[in-house]
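Student: Chain by chain, the residues:
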Amino acid sequence: MSETNQLPAPRGCDARRRALGVAGIVVAVVVFAWCAGPLPPLWAPPCPWHALTGLHCPGCGSTRALLALAHGDVVRAFAQNPLLVLSLPPLLGWAAFSLWRAWRGQPPAEFPRYSATITLVVVVLYFVLRNLPWWPCTLLAPHG
Amino acid sequence: MDYHVARNNQKLGVFPEAEVRTRLQSGELLPNDLVWCEGMSAWRPAAEVFPEASTTPPPVPAAPSIPPPPRPTPVALGPKPSNYLVPAILVTLFCCLPFGIASIVFASQVDSKYAAGDLAGAQQSSDKAKFWMWLSVGGALLIGIAYIGIMVFGIAMGGLAH
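As given, the protein sequences belong to chains E and D, one line each in that order.
For the first sequence, our numbering begins at 1 and goes up steadily by one.
For the second sequence, our numbering begins at 1001 and goes up steadily by one.
Isolated chain E (complex conformation) (with noise of 0.2 Å):
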């Protein structure tokens, strides 16, 4: 049975604290973004990436977007970083239904075959299109 001794056992209680762990983190943003008001503090570090370049990074805004977020404005959210306020949903989503699977002990959910190379594909073009300077694409970096 030298078989059976390489196949660690599967360990239920480590993913349960994980996932509290991240499901804590979650609450503390929200509640953190609600304290906080519904724009950034002066004393809140500029994007670095932003600073050296004077480009919008594909995080640009992400701090703006959520604090409005966080206090019901969904278009000046939308207007700041609309990659997060859409990619928020299905991450939350995800999130929800692991922490799910991991109080049955189970392992996170897999990710569909393609999904990193789509998201790479769409974070990619979407550092490209934030930068540019005409009018669809303007809408893209973070306005108003």
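Every clue listed holds true.
With a straight-line Cα cutoff of 25 Å, these simulated SDA-like cross-link-like pairs (lysine to any residue) come out: (1) D:K1011 / D:A1042; (2) D:K1080 / E:G21; (3) D:K1080 / E:L92; (4) D:K1011 / D:Q1124; (5) D:K1080 / D:G1117; (6) D:K1128 / E:E110; (7) D:K1011 / E:W103.
If you are wondering where the hints come from, they were derived from the structure by calculation, not from laboratory data.
Go by the hints and put chain D onto chain E.
Tutor: Below, chain D alone, put in the same frame as chain E:
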């Protein structure tokens, strides 16, 4: 009680006890498949755990004098290494450093290499995805803390000057 089921060092899934029994009876699961549930110290053959449900008796060594035939070595791949896709997306969206994109590049390599049967390569890409993900987190934390420190220092100096 849910049972984890494995064959040839690969997990087949997690099933409730009743389902393991029906699948054993239908022949979908084999008596030699390994099962494990919370509370068991090690994986054991399904035939030992569910003797009444197994369609064929568990393999019994014929005679001690004759060595059992060598088991065919399984060629199945191990479990797929994590591609760290979710943390990579999170650091790309929140850490403002383009390192997150490198992490997503390696995440997609994990998938393609694993699909091509290259487990070692997939593991390497997994390690790189993890490295760039943490580099992004660390860089963002470092810059953030330094920036807040400089702001506090500046405010303190401004207070002294007045």
